[in-house]
Amino acid sequence: EAQVTQNPRYLITVTGKKLTVTCSQNMNHEYMSWYRQDPGLGLRQIYYSMNVEVTDKGDVPEGYKVSRKEKRNFPLILESPSPNQTSLYFCASRTVSGGYNEQFFGPGTRLTVL
Amino acid sequence: GNSVTQMEGPVTLSEEAFLTINCTYTATGYPSLFWYVQYPGEGLQLLLKATKADDKGSNKGFEATYRKETTSFHLEKGSVQVSDSAVYFCALSGPTGGGNKLTFGTGTQLKVEL
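These protein sequence lines map, in sequence, to chains P and X.
Under the numbering used here, the first residue of the first sequence carries the number 1, and numbering increases by one thereafter.
Under the numbering used here, the first residue of the second sequence carries the number 1001, and numbering increases by one thereafter.
A portion of the hints provided could be inaccurate.
[As the list claims (entries may be wrong)] A short, non-exhaustive set of chain X residues, derived as facing chain P with CB atoms under 7 Å:
| # | residue |
| --- | --- |
| 1 | LEU1019 |
| 2 | GLY1043 |
| 3 | LEU1044 |
| 4 | ASN1100 |
| 5 | PHE1104 |
| 6 | GLY1105 |
| 7 | GLY1107 |
| 8 | GLN1109 |
[As the list claims (entries may be wrong)] Capping the alpha-carbon separation at 27 Å, the derived lysine-lysine pairs in DSS-like fashion look like this:
| # | chain 1 | residue 1 | chain 2 | residue 2 |
| --- | --- | --- | --- | --- |
| 9 | P | LYS57 | P | LYS17 |
| 10 | P | LYS69 | X | LYS1060 |
| 11 | P | LYS57 | X | LYS1049 |
| 12 | P | LYS57 | X | LYS1101 |
| 13 | X | LYS1060 | X | LYS1101 |
| 14 | X | LYS1101 | P | LYS71 |
| 15 | X | LYS1101 | P | LYS65 |
| 16 | X | LYS1077 | X | LYS1111 |
[To be verified] Restraint ranges, calculated between C-beta atoms of paired labels, are given here:
| # | chain 1 | residue 1 | chain 2 | residue 2 | range |
| --- | --- | --- | --- | --- | --- |
| 17 | P | SER97 | X | ARG1067 | 25 to 31 Å |
| 18 | P | LEU11 | X | LYS1060 | 44 to 50 Å |
| 19 | X | GLY1041 | P | ASN28 | 25 to 31 Å |
| 20 | P | VAL52 | X | GLY1061 | 27 to 33 Å |
| 21 | X | SER1079 | P | GLY16 | 27 to 33 Å |
| 22 | P | ASN73 | X | ASN1059 | 27 to 33 Å |
| 23 | P | LYS17 | X | TYR1039 | 19 to 25 Å |
| 24 | X | TYR1039 | P | VAL52 | 29 to 35 Å |
| 25 | X | GLU1076 | P | LEU11 | 24 to 30 Å |
| 26 | X | GLU1015 | P | PRO39 | 24 to 30 Å |
| 27 | X | GLN1081 | P | ASN7 | 18 to 24 Å |
| 28 | X | GLN1081 | P | VAL14 | 16 to 22 Å |
Note that these hints are calculated values from the structure, not bench results.
Idealized CB from N, CA, C, for every residue including glycine.
Using the sequences and the hints given, assemble the complete structure.
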């Protein structure tokens, strides 16, 4: 089954404790992206990657890091989480060939930073 | 920059009522337009899309027409069901950044009651 998976689905942590949210897709997609969803703000892009070893900032990159060492994986790293990073996070992927193609979203990771 | 404005929710309707969720956009060039749906506890799924002016996207009884003259992409359904209860996001893509970045509205929660 074609899918985007994220782990963990739920995470409660404390300020300053480094964490990683994993994202993996099995569709051989070139493009991957991370979004955060906050009430009244919709989804905002954090980082994106056009392919392996190619990453760039989205609209709200502060406090986050990403890496793209393999095509299928795109982890989101919070080196020193703060309470304002409490949010619902989504990973997405799509192919870039043949014009516009649908972005596929993972199920989301709900993060609480105390 | 690009932006999407959609009507605030929540919207509460009785089953079989007519649904309209308004969406307007600001973008340079000719973006592609989308409606995504988020069911409780799940990630976003593409509901429908339109890639050029006057295109009509449709799926599962939902429709939206790309109106360039009014920069709008309103979502409609003639007869809603309880199973349509979800959050609906209007979004646009491109033409910058290779058409990969999605810009979302804030989302409209729909609740359908018996």
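Outcome of the hint check:
1. At about 20 Å, the closest approach between the beta carbon of LEU1019(X) and any beta carbon in chain P exceeds 7 Å, and the interface hint on this residue is violated.
2. With its C-beta approaching chain P no nearer than about 4 Å, GLY1043(X) sits inside the 7 Å limit, and its interface hint holds.
3. Because the closest C-beta pair between LEU1044(X) and chain P is about 4 Å apart, less than 7 Å, the hint holds.
4. With a cut of 7 Å, the hint placing ASN1100(X) at the interface with chain P holds, because the nearest CB-to-CB distance is about 5 Å.
5. Taking 7 Å as the C-beta cut-off, the interface hint given for PHE1104(X) holds, the closest approach to chain P being about 4 Å.
6. Taken as an interface hint, GLY1105(X) checks out: its beta carbon lies about 6 Å from the nearest beta carbon of chain P, inside 7 Å.
7. A cut of 7 Å between beta carbons decides the hint on GLY1107(X): the least distance to chain P is about 5 Å, and the hint holds.
8. The restraint placing GLN1109(X) at the interface with chain P is violated, with a minimum CB-CB distance near 10 Å, outside the 7 Å limit.
9. This hinted pair checks out: LYS57(P) and LYS17(P) have alpha carbons roughly 23 Å apart, not beyond 27 Å.
10. With a C-alpha separation of about 38 Å, the suggested pairing of LYS69(P) with LYS1060(X) is violated against the 27 Å cut-off.
11. Between LYS57(P) and LYS1049(X) the alpha-carbon distance is near 26 Å, which keeps this suggested pair within the 27 Å criterion.
12. Taken as a hint, the LYS57(P) and LYS1101(X) pair is honoured in the structure, with Cα atoms around 11 Å apart against an allowance of 27 Å.
13. Taken as a hint, the LYS1060(X) and LYS1101(X) pair is honoured in the structure, with Cα atoms around 25 Å apart against an allowance of 27 Å.
14. Restraint check for LYS1101(X) and LYS71(P): the C-alpha separation of about 18 Å stays at or below 27 Å, so the hint holds.
15. Annotation: proposed proximity of LYS1101(X) to LYS65(P) holds, straight-line Cα distance about 18 Å (limit 27 Å).
16. With a CA separation close to 14 Å, the supplied pair LYS1077(X) and LYS1111(X) stays within the 27 Å bound.
17. In this structure, SER97(P) and ARG1067(X) meet the distance hint of 25 to 31 Å, their C-beta atoms being roughly 29 Å apart.
18. The hint said 44 to 50 Å for the Cβ distance between LEU11(P) and LYS1060(X), and at roughly 33 Å that hint is violated.
19. Judged by the Cβ atoms, the range 25 to 31 Å given for GLY1041(X) and ASN28(P) holds: they are separated by roughly 28 Å.
20. For the pair VAL52(P) and GLY1061(X), the beta carbons lie near 40 Å from each other, so the given range of 27 to 33 Å is not met.
21. For the hinted restraint 27 to 33 Å between SER1079(X) and GLY16(P), the CB-CB distance of approximately 52 Å leaves it violated.
22. About 31 Å separates the C-beta atoms of ASN73(P) and ASN1059(X), a value consistent with the hinted range of 27 to 33 Å.
23. Checked against the given bound of 19 to 25 Å, the beta carbons of LYS17(P) and TYR1039(X), roughly 32 Å apart, lie outside it.
24. A hinted range of 29 to 35 Å holds for the C-beta pair TYR1039(X) and VAL52(P), which are about 32 Å apart.
25. Look at GLU1076(X) against LEU11(P): about 38 Å separates their beta carbons, and that is not inside 24 to 30 Å.
26. A hinted range of 24 to 30 Å for the beta carbons of GLU1015(X) and PRO39(P) is consistent with their spacing of about 27 Å.
27. The hint said 18 to 24 Å for the Cβ distance between GLN1081(X) and ASN7(P), and at roughly 33 Å that hint is violated.
28. The given range of 16 to 22 Å is broken by GLN1081(X) and VAL14(P), whose C-beta atoms sit roughly 43 Å from each other.
Against the hints set out earlier in the document, violations occur for numbers 1, 8, 10, 18, 20, 21, 23, 25, 27, 28.
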